[in-house]
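Peer 1: Modelling step: build the complete structure from the supplied sequences, incorporating the hints.
2 protein chains.
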Amino acid sequence: MAKDFVTRADNYSEWYNELVVRADLAENSAVRGCMVIKPYGYAIWEKMQKALDDMFIETGHQNAYFPLFIPKSYFEKEAEHVEGFAKECAVVTHHRLRAKADGTGLEPDPDAKLEEELIVRPTSETIIWDTYRGWIKSYRDLPILCNQWANVVRWEMRTRMFLRTTEFLWQEGHTAHETLEEAVIETKKMLEVYAYFAEKFMAMPVLKGYKSPNERFAGALDTYCIEALMQDGKALQAGTSHFLGQNFAKAFDVKFLSKENKLEYVWATSWGVSTRLMGALIMTHSDDEGLVLPPNLAPIQVVIIPISKGEEQKAMVDKEAEKLCAELKTKGISVKYDNRDAYKPGWKFNEYEFKGVPIRITLGARDLEQGLVEIARRDNLTKETLPIEGLTDKIEKLLEDIQVNLYNKALAFRENSTREVDTWEEFLVEIEKGGFLSCHWDGTPETEEKIKEITKATIRCVPLNAKEEEGKCIFSGQPSNKRVVFARAY
Amino acid sequence: MAKDFVTRADNYSEWYNELVVRADLAENSAVRGCMVIKPYGYAIWEKMQKALDDMFIETGHQNAYFPLFIPKSYFEKEAEHVEGFAKECAVVTHHRLRAKADGTGLEPDPDAKLEEELIVRPTSETIIWDTYRGWIKSYRDLPILCNQWANVVRWEMRTRMFLRTTEFLWQEGHTAHETLEEAVIETKKMLEVYAYFAEKFMAMPVLKGYKSPNERFAGALDTYCIEALMQDGKALQAGTSHFLGQNFAKAFDVKFLSKENKLEYVWATSWGVSTRLMGALIMTHSDDEGLVLPPNLAPIQVVIIPISKGEEQKAMVDKEAEKLCAELKTKGISVKYDNRDAYKPGWKFNEYEFKGVPIRITLGARDLEQGLVEIARRDNLTKETLPIEGLTDKIEKLLEDIQVNLYNKALAFRENSTREVDTWEEFLVEIEKGGFLSCHWDGTPETEEKIKEITKATIRCVPLNAKEEEGKCIFSGQPSNKRVVFARAY
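Top line first, the protein sequences correspond to chains H and E.
Numbered according to this note's numbering, the first sequence spans residues 75 to 564.
Numbered according to this note's numbering, the second sequence spans residues 75 to 564.
Treat the hints with care, since some could be wrong.
Since the list gives no way to pick out one identical chain from another, each pair is judged satisfied if it fits inside one copy or across any two copies.
[Said to hold, decoys possible] Listed below are the simulated DSBU-like cross-link pairs for lysine-lysine, each with C-alpha atoms no more than 30 Å apart in a straight line: (1) Lys124 / Lys524; (2) Lys422 / Lys333; (3) Lys457 / Lys151; (4) Lys336 / Lys422; (5) Lys410 / Lys211; (6) Lys124 / Lys405.
Think of the hints as simulated: they come from the structure by calculation, not from any bench.
None of the values given here were measured: they were computed from a predicted structure.
Peer 2: As structure tokens, then:
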């Protein structure tokens, strides 16, 4: 266990908060509910962005940028949407400050009050669909496949770094289609992109499913989601893809002339993932020694630490390190050689272990004389001594192994934490243990609400691969034909 | 001249506005002063970002992210800074909307009034230096070399797309150093990075210099800048790098224990470029036929357009095009094959010409039978017929030529538009003609103000390479020892 570091068993929530700060990922700022993402944390986010962006481009999307501010009246146009966001939005009312009369500082200038208040975007459907009206005249203008990387603001009363912050970073895709079918295909395609990203890059297994009406995005007809299970047994919604039907097209009067020469409303989707994924990444893999990063998202994949005495040994080790770094780089492996004198090797071991660097190579002068180096894996904390000859191929292979191992470990955890539950009594016991509970539900919002009230558990999703199966709702006893997944969630 | 398109000579300002919209770069949004950056425009901005980001990383900087909102009291801490920005800032006063009593819509909820107003960042010195206080204890923590890619808001009364918008995108570097000397070196180094980017990527020659005290950034001791000259003879400030001294360290109490074991205030710099560069790019190269893009920033460097009759010819042309695309891509050239049937070749020629694609290749079935293709250059609108054999090498070379040609053309324009002016009478005549006027100035803010009042010309910069030279101020006749550059500016 890392020194002075609380364990997960002691206090999971405190463990998370401390880890985020001590691994240099982020910290709370002076602005209520807003975080500072530090360089190391931001580098992980940039790797996430790059991988996702590449996949968006590959699937035919283009990036664009829409305004930060949304006029209040736009916001009001889609009834469910405004209902969902009006209670948690930052409102801009003035465009100037002036000196207070008593000289004690500044105040909003009453002469610079906005005629119409502006909302800091909590999501951009309204401003984007207002824009799309000008872009779409005929079926030839469709589909429109835009994505935006942006900051958004939702005023949260209880915030936690990455998981729930007033301002967060995300991407939001907004697409416009000729037909319902095409929009549904897009919605599902982007869910697959997110699931692929979660599994291949984050090494995080996810359930793919759709939300119950209660849990849908405000303004959507269907919300698809990927749900992950954190180490403490709580679920985390890691990404959503919404089929919006014609709701926003109707609210913003976006019609197109179809191939059949008829004026029709456009079909819409939107989909997003956010810096919340950083929280998911941390809580999927990290341990009592600190952060654990999958190689595919690690800013530093390999750290090399020298041990030597005297100038001669130092020169020899530096030379070997330089050669090794160059070889690893030609394989596209990101490597850092930390030969700072001000810090001892032991201090460095702790530092990079805590920061989750997947592989540590120790270049000790005495080992090197025998052509050997020590390799330490962060994922399982094992060490071995290997010949430096042919090392880079082994490192490359090892990074792949670590990536797969982390995924498998997380998958095994999820599988062990997923149970079928068939009675209410059992549910009340099992929900306290955490994990995914696969249960029959009668399909009514009333039952869902009741279960949430009593147990704080919500329906995370109806899994896409749920089998048809006769059963009875765990709460009401009414008939049900498939199981849904309940859990307490972040 | 492109059909229905206003010429530069007719109305430069209208030409600019129309070009931005018709080339699909951006459009005004429903939000006063905020623009929508369309996919084609955003793709150019992304190429700019990539090139700059690579250079920031190479020079040792790291990206991070700081909050969008700044508490009013932070904003007040540096006197000159707040003076510079308080009059043009968006103020958040509430965190919730509620339904109006008369049911006509929403209003800020008086029960959700913020205790302290938040300012949407116009720039981030204050929040960043408040954060740095926690990061810096000793000289070992220095330097801190952070950059942020972000949106900022400055409430502008008269806006123009890219050039002056209420919200804009930019990067802001914020560095912290042990010594004055180190901070000054950083300030100048980043100016060089900007100048290199402007010249090598944008093909835009820039003057490097520093600002007169009147034109400095609010809170800086020295502001270095790159200044470019637009085709209409007006100057445009294309990037700034500020030496902030210890102003922000003092305002936010950021001290460090020096190597000599003394508590000292930290030295600061900040530097930024914004989507304003898009305006500079347009006004440096474009012509009456539309946008002209330097190959190093063109999202599509080469467009291929087929001409064929009947299925057999079409198949043959498609096959050649496919081969050519593959070859160009292996050279890292971005190529688009537009074989849409719904549009005629002539329409496509106009489309890509207007969008500034550097090279157009026409694959005509009849030409191809003789092993020939037609190449059109966007920069000088010339065409030639070339053998398809060995074409990709020629295209690669041609892209380089176009890049250099655009730079040389812009440089020649600037040189022809730069004059030494030695009398006030001459100044009054010459300033009407536009361009850079190199003049003696007595060094006083009063003279600078007067000249601005009378002629709208400002001191763009004191060039770094200005020679020592005895002279007399054009306005006051007082002695001066070097020339500064005056111009009217965007």
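Peer 1: Look at each hint and say if it fits the structure.
Peer 2: How the hints compare with the structure:
1. For a Cα distance limit of 30 Å, the shortest separation of Lys124 from Lys524 qualifies neither inside one copy, at 42 Å, nor across copies, at 51 Å.
2. When the C-alpha separation of Lys422 and Lys333 is checked against a cutoff of 30 Å, the pair qualifies only between copies, where the shortest distance is 22 Å, while the shortest distance within a copy is 66 Å.
3. In this assembly of identical chains, the alpha carbons of Lys457 and Lys151 never lie at most 30 Å apart, being 60 Å within a copy and 52 Å across copies at closest.
4. Taking the closest pair of Cα atoms, Lys336 and Lys422 come within 30 Å of each other only across two copies (27 Å); inside a single copy the shortest separation is 68 Å, beyond that limit.
5. Within a single copy, Lys410 and Lys211 get their C-alpha atoms only as close as 53 Å, which misses the 30 Å cut-off; across copies the closest is 25 Å, which meets it.
6. Taking the shortest alpha-carbon separations for Lys124 and Lys405, both the intra-copy value of 19 Å and the inter-copy value of 22 Å come in at or below 30 Å.
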